[in-house]
Every structure is written in structure tokens, then in C-alpha cells.
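Protein chains: 4
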Amino acid sequence: MNKLPKLFITDIDGVWTDGGMYYDQTGNEWKKFNTSDSAGVLFLRYLDIPFAIITSEKTEIVRRRAKKLKVEYLYDGISDKLSVAEQLCSELGVTLNETAFIGDDLNDIPLLRKVGFPAVPANAPDYVKKYSSLKLTKKGGEGAFREFVEVILNQNNLMEDVLNKHFDYLEEQKNR
Amino acid sequence: MNKLPKLFITDIDGVWTDGGMYYDQTGNEWKKFNTSDSAGVLFLRYLDIPFAIITSEKTEIVRRRAKKLKVEYLYDGISDKLSVAEQLCSELGVTLNETAFIGDDLNDIPLLRKVGFPAVPANAPDYVKKYSSLKLTKKGGEGAFREFVEVILNQNNLMEDVLNKHFDYLEEQKNR
Amino acid sequence: MNKLPKLFITDIDGVWTDGGMYYDQTGNEWKKFNTSDSAGVLFLRYLDIPFAIITSEKTEIVRRRAKKLKVEYLYDGISDKLSVAEQLCSELGVTLNETAFIGDDLNDIPLLRKVGFPAVPANAPDYVKKYSSLKLTKKGGEGAFREFVEVILNQNNLMEDVLNKHFDYLEEQKNR
Amino acid sequence: MNKLPKLFITDIDGVWTDGGMYYDQTGNEWKKFNTSDSAGVLFLRYLDIPFAIITSEKTEIVRRRAKKLKVEYLYDGISDKLSVAEQLCSELGVTLNETAFIGDDLNDIPLLRKVGFPAVPANAPDYVKKYSSLKLTKKGGEGAFREFVEVILNQNNLMEDVLNKHFDYLEEQKNR
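Residue numbers (the working numbering), protein chains in the order written: chain A, 764 to 939; chain B, 764 to 939; chain C, 764 to 939; chain D, 764 to 939.
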């Protein structure tokens, strides 16, 4: 097994957020993202690793966040995450065994069981956590997704590489 | 006494939330729910156990949350929670002794004292906590309601049952 | 010195909130209150102890919160809190020495130094905390105000009294 | 080297906030500031030390916060923070070595490496933290900026000075 995944997939609620859903009196709704996680998306882009969001909720909130971070693949309103992941793997010519996925709750278990690189945030229930091979220290909304990406990049000695790519990018910005 | 309640009732502020009430400049208002608690509602539905919200606040916020989670019984703007619970018990043909209730503050005490399965979140005041037979580890808004449901299902060896029911449901979704 | 204050005054930001000020793109603003603190206001009402908010901010947010909790005296947009408190004391025929005040920051120090019952939330800076005679365990926004009221009521053996008054009130509701 | 910086610069997201970005369904966005940090800005004003915000995000949110706190220099939408800081230093006739800067993430590293007084909040990643000479105890959004200013003022025995200036100001308000 190659130690570097060829595809990263993330759940949203409970991973990019602390599970919080803010409701108001008018029918509007809020989620709180953490800018810290955006570096995880950036690192994957530097390494040309495709990245997908698969979430059961269907909101403009997530669509806007995905657009802001230029996420390539966004699947929302999905109850059967495993099938969607299988289809994406097929399109991209990768296997589930080559796929990394972070999710935190019941609906994530079928996909967590099948991917080669499963992870859950620190605050997931034990009956979900048992399907994770990684022990993350961050809770959802605290940068658990970024930690997930960094742990895997560190296992592959790629952190210095992506940091240098980012410093080169900043240097270019400076010289323009 | 049957160890499995025949009715579950929950308070909202301080149980499904951390007690936070967000006000703005225009008269609108917010509450922050935790998607984690929605699994508690789901587990009760799998077991055909009726479920009610009784809250002293009267907001569209809670009505929308109840609608989203398909909650059967919603009583809002209620100061006398005990009478409402008694009437619901009567309608459903169950007793208060067969009822589970989680609340966190003063107005919940009369009902906590009468139900067979009283619980409070970890952060409730001591003079409320003393009416609870269960020691929950989660605070309001952190999934205390879900923990309450799971503790009782575990006491009845029903957790594996509801998890399997949920995996079957996900499997059906996959095969459609 | 009478151990029971004849007037309670509270600051808002950092006491009833964690100091958080939520800004959006349109000029609107939010504060997050904690419903837990409302019991502190209720206890004072049961004891007929007058209660005032004095805050340097001037927002509809606080006015609405004060209205919801039926706060008698609200002074907002106040930089000189000591003078306002002195004037209120004079109106009510009480002294600053008979007054309880909880504040958390620089602008609260002049008043903290003069009142008989000064308190600060657990997270106040040390150079503010040193003017407090009470050690509260709660931070602003976690119910520090309620804790302040309860500590003083407990010192006067009045907690059971106000709790019973509240249970009587709930009982009356039931019998109507 | 003079121990008192002649210019203070701060990042916003992850320093004045916990990194949280609140999205809703309509395209609006929120940040949560902490009123505690406003005292840091005030202290610098009492000492006539120029102060700048340099942030990569470009939002009305930050512009309004800067306006509220009467921040002199606001640069938003900036990816190359080092160049902007160099230009501001040049305008003000100070060097980067005389400049204090607090930032928390990748894009802050080039500037953190060049200033004489670099700092990061307690929750910054280790590969950012290593460029900081100060160990702050507060996380972003908890008052890390204020702590940064206070640590440096304490090192220069200036805290009592600014506190007295503030008490004089409050006294003047009283006597008007």
C-alpha cells in the first residue's frame, strides 16, 4: 500500500465545525468554520491530490465555503456517502484503499470502514472512533481536518515540501 | 419498574444548547444546536419511543429545529412543565414513572422530581443536579441529550440494536 | 455592615458575555447572553433588591436583553460608571457601601473600588481582580453574574428562601 | 536594541478571533471579536505608538472593527504582508527590527521572521510558533493581542503608567 492517499474526502458537520447549527427566527442558518482548516486544502492542492467534500446536509453555507476554498468536488444532501465515494474513485481511477476520509458520526461509518486512511476528530463517539486508524488530538471545528492532512504528510515526510512550496508562493507574490 | 422509558422529554435551553441566547440589533435571535443530539432523536424513533420537547421559551428557532428533526410533540412557552407532561402521559397512556426527562434549571425541578428517569447536563447547578439519578459527562450543547439517550439504551443493551437498525437503513439507501 | 446588599449593579460585556462581539458585513452586531444569568435577576426580584445594568456600550442588543428580563435600571453608553452609580444610590437612598457590583475590566475599577460588594468574573485581568473581595469560579458568559448573586445569597442563608419562592410561583402556575 | 517597539502590527483571523468564520445562507459572514483586545489598542494610543492591522481577508467586518477602535492603519486583502509592513515602516521612519507583530499562520511567517518583536497566540501550529520569541498563554480570540501588548509594556515597566493614564482619563470624564 502506498502511504500517500490519492484522494482526500471530508465530512463537514462535526469535522469542519463543532457540530454547531445556528438557527434564527427567520429560517436562516449558520455554521462556524475555522480558517485553520483552509491550509489543509491548500497543502493538498500543492501536492495535486484531489479533494472532495461529501455531506448529508444541503446548504448554501457549505457551497459558499467550498467555493471560497476552491474545492473541486462537492457532494451535498448525500445520505449514502459510500456510493458517492465509490463513483468518484471510479472517475478518478483510484481505489477506496488509496482514499483518505475523515468523518465523525453514524453516517460516516460505512465509508470509514472501506477507505485505506480513515480518521475521526477527537470528540467522535467511541463507536465511530473505532473505525479510525489515526488518533487526532483536535476536535471538529478546531482544525481536525488540517491535523489529519498534516499527520499524513508528516508520515510521508512531505510537510517541509509543502511549506516550502507555500513560502515560494509568498516570495513570488512579493516579487510581482 | 421497566428499565426502558416509554416516553422521552427534553428541555431545550441549557440542554440542546449551552444556554447561549444570541441577540442582534434588529430583534432577531439565535440559538446554537448541536447536530450530535439529532442521533438521540433518531434512536428513539427506531425504538418507537415517543419523544417531546417542553420549553419555556417560545421561538421560531425551536419550532424549526423540531420540524427539521421531525419531533412529534413540541410544547413551547410553557412555564408549568409538569402539568404539560402529565397531560401528555395521559394521552399516551404512560405514567410519569415510565417517563425520561432531561432539564437543567429551576423550572425543570418539578418535573425532574416526578419522572422515573430524571437527568441533567454536567453543568447544571447543584440544587438541580440533586434531582438527577444519572451522572452525564456532557454539558448542554455538547450532546448531553444524545448521551442521556445512549446511557439508557446501553443500560437496556439496546445500543447495538439501534446502530444495526441505522446501518440497515444506510444499506437500503445504497441499494435503491 | 449589613451583609446583604441593598442594590446590585452589573456590567455587561465580559460579565453577561465572554467579551465576544460578533460583527457581520452589514453593520449589524451580536452578543451571546447566557440564560443561566436570568435566574440571578429573578432571585433579586424575589428579594425586592433593586438591580441595575451600567455598560459603556450603547446597543439595541442590551436594551432588548434588559427588556426581556424586566431590568429596572439600564444605563448604556456610560464611560463614567461611578458617577451614574452614585446618582442611582442617591435616588434609592442607599450607599455605595451597601451596593454590589460585578465588572471585569479597566472602566469598572473606579466603581469596584467604591462599592461594599465588588466582584469580577474568573477571567478578569489580575489588575482588575485585585479589587474584588469575592473569588468567582465562572467566567463571563458562563453564568458569573448568577454565581455572584448566589454566593451573596448563600452568605446570608437566603438561597433556600428564594428557591422556595420560585417553587411556590411554579405551584401557583400549576393551580391556575 | 530599544526594548519598546516603535510600531505594532497585528493579524486578525486567529489572533483577534479564534479563526472562526461564520457563514449563513445568504452570503453574509461573521467574525467574533473580543472586547478584551480593545484595551491593547488603547494602551498603544496612550503611548503614541503607531498601530496597524494587516490581514489577508477583505471584509467589511474588519473595517468596521478597525473603525470602532480608531485603528490608524488598516491593510486588508494582503497576501504579501512583509512588503506592506516594509512600506509602512519606511513611511513612519522605523525599522522592522523596531516593529512588533503578532500572527498565527503560514502567511505571517515571512513577517514574523523579520520583525524584532514577533509573537503568536498559544494555539498556533508549532511550525509558526518557532518564529516567536514570546510565549503567550492566550489563544486567538481570548485576548492574545492584549496579552502581547501587556507583556511588552510590562517588560518596559510601562503597565502602571498606561493604567494611570487611563484612570486619569476616567477621572476627567467624571469631573466634566
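A few of these clues could be false.
Identical copies go unnamed one by one, so any copy, or any two together, can satisfy a pair.
Computed cross-link-like contacts, PhoX-like style, restricted to lysine-lysine with a CA-CA straight-line distance of at most 25 Å [claimed, not checked]:
no.	residue 1	residue 2
1	Lys893	Lys937
2	Lys898	Lys937
3	Lys766	Lys937
4	Lys902	Lys833
5	Lys928	Lys877
6	Lys902	Lys928
7	Lys821	Lys833
8	Lys821	Lys893
9	Lys901	Lys769
10	Lys937	Lys902
Note that these hints are calculated values from the structure, not bench results.
- Check Lys928 against Lys877 for me: Cα-Cα at most 25 Å, and say if that holds within a copy, between copies, both or neither. For Lys928 and Lys877, only the inter-copy Cα distance (20 Å) is at most 25 Å; the intra-copy one is 32 Å.
Exercise. Within a copy, between copies, both or neither: where do Lys821 and Lys893 come within 25 Å Cα-Cα?
Worked result: Neither. Shortest intra-copy (27 Å) and inter-copy (40 Å) distances fail the 25 Å Cα cut-off.
- Query: Between copies, within a copy, both or neither: which fits Lys766 and Lys937 at Cα up to 25 Å?
  - Reply: neither (35 Å within a copy, 29 Å between copies)
- prompt: With identical chains treated as interchangeable, where does the CA-CA distance between Lys902 and Lys928 reach 25 Å or less: within a copy, between copies, both, or neither?
  reply: neither (28 Å within a copy, 27 Å between copies)
Intra- versus inter-copy proximity for Lys833 and Lys821 (alpha-carbon distance at most 25 Å) | both (18 Å within a copy, 17 Å between copies)
Go through the copies and call it for Lys898 and Lys937: within, between, both or neither, with a Cα cutoff of 25 Å.
Answer is neither: 38 Å inside a copy and 29 Å across each miss the 25 Å cutoff.
- State whether the alpha carbon distance between Lys937 and Lys902 is at most 25 Å within one copy, between copies, both, or neither. The answer is neither: 35 Å in one copy and 29 Å across copies each exceed 25 Å.
Next on the checklist: Cα distance capped at 25 Å. Does Lys893 pair with Lys937 within a copy, between copies, both, or neither?
Outcome noted: Intra 46 Å, inter 23 Å, cutoff 25 Å: inter-copy only.
- Query: How would you classify Lys901 and Lys769 at a CA-CA limit of 25 Å: within, between, both, or neither?
  - Reply: The answer is within: 23 Å in one copy meets 25 Å, while 37 Å across copies does not.
Checking Lys902 and Lys833: alpha-carbon separation at most 25 Å within a copy, between copies, both or neither? Within. Shortest intra-copy distance 24 Å satisfies the 25 Å Cα cut-off; inter-copy 28 Å does not.
The structure shown violates the earlier hints numbered 2, 3, 6, 8, 10.
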